[in-house]
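Peer 1: Respectively, the protein sequence lines represent chains A and B.
For the first sequence, position 335 matches number 335 in our numbering, and the numbering has no gaps at all.
For the second sequence, position 75 matches number 75 in our numbering, and the numbering has no gaps at all.
It should be emphasised that the hints constitute simulated quantities derived from the structure, not laboratory data.
Zero decoy hints are in this set.
A few chain B residues facing chain A, derived, Cβ under 10 Å:
no., residue
1, Ala44
2, Glu45
3, Glu86
4, Gly114
Quick look at which bits of chain A chain B covers, simulated, 3 or more residues with Cβ under 8 Å:
no., stretch
5, 130-137
6, 144-156
Here the structure is a predicted model, which means the values were calculated and not measured.
Note that beta-carbon positions come from the ideal geometry of N, C-alpha and C, so glycine has one too.
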Amino acid sequence: MSRIQFIEPVTRIEGHAKISIQLDEQGQVSLARFHVLEFRGFEKICEGRPFQEMPGLMSRTCGICPVSHVLASSKAGDMLLGVEIPIAAAQQRRLLNYAQILQSHALSFFHLSSPDFLMGMDAPPAQRNIFGLLQNEADFVRRGIRLRQFGQRVIELVGGKKVHPGWSGPGGVHHRFTSEQRDEILGWIPEATESLSIALDRWKGLIDSFRPEMDFMGNFPSLFLATVNEHGGLEYYDGLIRIVDGRGNAIAEKLDPKRYFTYLGEASEDYSYVKFPYYQPFGYPQGHYRVGPLARLNVATYAGTPRADRELKEFKQRGEGAVCESFHFHLARLIEMIHSVERIEELMANPDLYGENIHAHASLNRREGVGSCEAPRGTLFHHYWVDPEGLMERANLLIATSQNNQAMNLSVDQAARRFLKASASGEFEEGMLNRLEAAIRCYDPCLSCSTHALGQMPLVVDVIGADGSLIRRIARDS
Amino acid sequence: MRTLLIACGNSLRGDDGVAHRVLELLGARAEARSVMQLTPELAAEIAGFDTVVFLDAAAGIQTVIIEDVPQPTAPAPLSHVSRSSEVVALSIALFGFHGRALECRIPVADFAAGQQLSPVAERFANQAAQLLRERTS
Numbered sequence: 001m002s003r004i005q006f007i008e009p010v011t012r013i014e015g016h017a018k019i020s021i022q023l024d025e026q027g028q029v030s031l032a033r034f035h036v037l038e039f040r041g042f043e044k045i046c047e048g049r050p051f052q053e054m055p056g057l058m059s060r061t062c063g064i065c066p067v068s069h070v071l072a073s074s075k076a077g078d079m080l081l082g083v084e085i086p087i088a089a090a091q092q093r094r095l096l097n098y099a100q101i102l103q104s105h106a107l108s109f110f111h112l113s114s115p116d117f118l119m120g121m122d123a124p125p126a127q128r129n130i131f132g133l134l135q136n137e138a139d140f141v142r143r144g145i146r147l148r149q150f151g152q153r154v155i156e157l158v159g160g161k162k163v164h165p166g167w168s169g170p171g172g173v174h175h176r177f178t179s180e181q182r183d184e185i186l187g188w189i190p191e192a193t194e195s196l197s198i199a200l201d202r203w204k205g206l207i208d209s210f211r212p213e214m215d216f217m218g219n220f221p222s223l224f225l226a227t228v229n230e231h232g233g234l235e236y237y238d239g240l241i242r243i244v245d246g247r248g249n250a251i252a253e254k255l256d257p258k259r260y261f262t263y264l265g266e267a268s269e270d271y272s273y274v275k276f277p278y279y280q281p282f283g284y285p286q287g288h289y290r291v292g293p294l295a296r297l298n299v300a301t302y303a304g305t306p307r308a309d310r311e312l313k314e315f316k317q318r319g320e321g322a323v324c325e326s327f328h329f330h331l332a333r334l335i336e337m338i339h340s341v342e343r344i345e346e347l348m349a350n351p352d353l354y355g356e357n358i359h360a361h362a363s364l365n366r367r368e369g370v371g372s373c374e375a376p377r378g379t380l381f382h383h384y385w386v387d388p389e390g391l392m393e394r395a396n397l398l399i400a401t402s403q404n405n406q407a408m409n410l411s412v413d414q415a416a417r418r419f420l421k422a423s424a425s426g427e428f429e430e431g432m433l434n435r436l437e438a439a440i441r442c443y444d445p446c447l448s449c450s451t452h453a454l455g456q457m458p459l460v461v462d463v464i465g466a467d468g469s470l471i472r473r474i475a476r477d478s
Numbered sequence: 001m002r003t004l005l006i007a008c009g010n011s012l013r014g015d016d017g018v019a020h021r022v023l024e025l026l027g028a029r030a031e032a033r034s035v036m037q038l039t040p041e042l043a044a045e046i047a048g049f050d051t052v053v054f055l056d057a058a059a060g061i062q063t064v065i066i067e068d069v070p071q072p073t074a075p076a077p078l079s080h081v082s083r084s085s086e087v088v089a090l091s092i093a094l095f096g097f098h099g100r101a102l103e104c105r106i107p108v109a110d111f112a113a114g115q116q117l118s119p120v121a122e123r124f125a126n127q128a129a130q131l132l133r134e135r136t137s
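With the rest of the complex left out, here is chain A (with noise of 0.2 Å):
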């Protein structure tokens, strides 16, 4: 008889969730899965509400990423209108998607994964942690911090607040960017590139060690999907879809994020709530694609910028067409936060940022709209549906790590087959059972951001014998 082990819920990611672990009848894997058990509902919350209440309203789904869902929104009211938004207010928009992004990144990268990297996958867990860096890396612990407070003050400077902003929605902005704005922004630039350059050199110093974690936290040929600009370069606030293959070849190229249901599909299985999202050509499971940094980079031909292009460059040439790792997930972290900052500096020189009109202003035109963006974590869309009168019908939100969720099953069956072997007793070491979580942790997923006052996670082990009966349970503090 075959024993399943459960690890719930899964540490330093959010929302709730809990891996499980099929031994065989000789103790071996056989299958691991990762379980999402919270369901979110916000889709509901719209219904009967005007669709311009949505960017505010869906910017509360996430504390790590409002700003996305505030684009996608935004652009899905665009849509409703049937305008193109000034161009300052694109402008505006993608100067807040690049501070997004750069926020979003240094907590993974920073805190969530960076004790993995300097202490080790195997360092003690009351060690391998923020708080375990303090005594040797306070300095790389206070950039990181910094880098993260440098976006949150750029989205708190231009969108008035830092977490719920409201400024923008259908058919542009509200307020005009300033020389004031762009003056504090400047100010912390050298700093951000500073930080960035030390964490990188670092990180690349550090990455060969990690082989085996390179080689079995997710590595597999996929498809990679994500947003870039009419040339093929990296896009994060408007452009075009693009799908390459686990070698780089382009499998599609110019689609439209508005008709992204033409070309994906959403399939359930029982032990998730959330959805496997697929390229609907080649079916469910085999159309799987992954999107984030990763493939992001993958994706994209260039990026634009001088620094990110190097570094893109050289990252390429870790793959054969495409890097299929997902461990490198943090080194396409590194090298989108050193874009993002490059990106920022290049907005405050330009002068469509600084123009008056910033609204078009239209009352609905359309019944049904998309937007799109891409998320810190993947390509984000939602699709909304509107009565005569502008209330919502329904509405669709296509999530990032929603279109991750089947690699991340993938790279939880190949690190548990790699690294975990049960002793006599049952019991596990601390560093397999992180380098479970760590395969994870790669897709720095977000799945129920909005339920913050649930409570810390403890990490919980069942160890179930052959019988079914609990011969063990392991719980740490984390």
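Let chain A serve as the given structure and place chain B on it in line with the hints.
Peer 2: For chain B alone, kept in the frame of chain A given last:
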């Protein structure tokens, strides 16, 4: 004496947004910050204050509790969601915070999706506001 009030919670999750209601009741009494969840950069932001109060919803208590933020008993890995004790500890270690840090925990009853506070949360929001007025006056 500079005091910073940090209200934490998601106002789309019913009573989880009670801390924001307390800030509304207090008006412009102190410098304030509304956040959906605590995050590490708050460690830098609180550094210049003499007192910081973290306001949050709490299930399973019967009255408003204002008490010192505990020292983290064991270093804990951070989620996207930080604890107040972690924010304070980071601020002390990295940004020189040497003020007083308090938690104001407000009893609540219902975390269901929606923007309305329950009568229980509304009542205790008023109590919390009153207690904070006394503390900051």
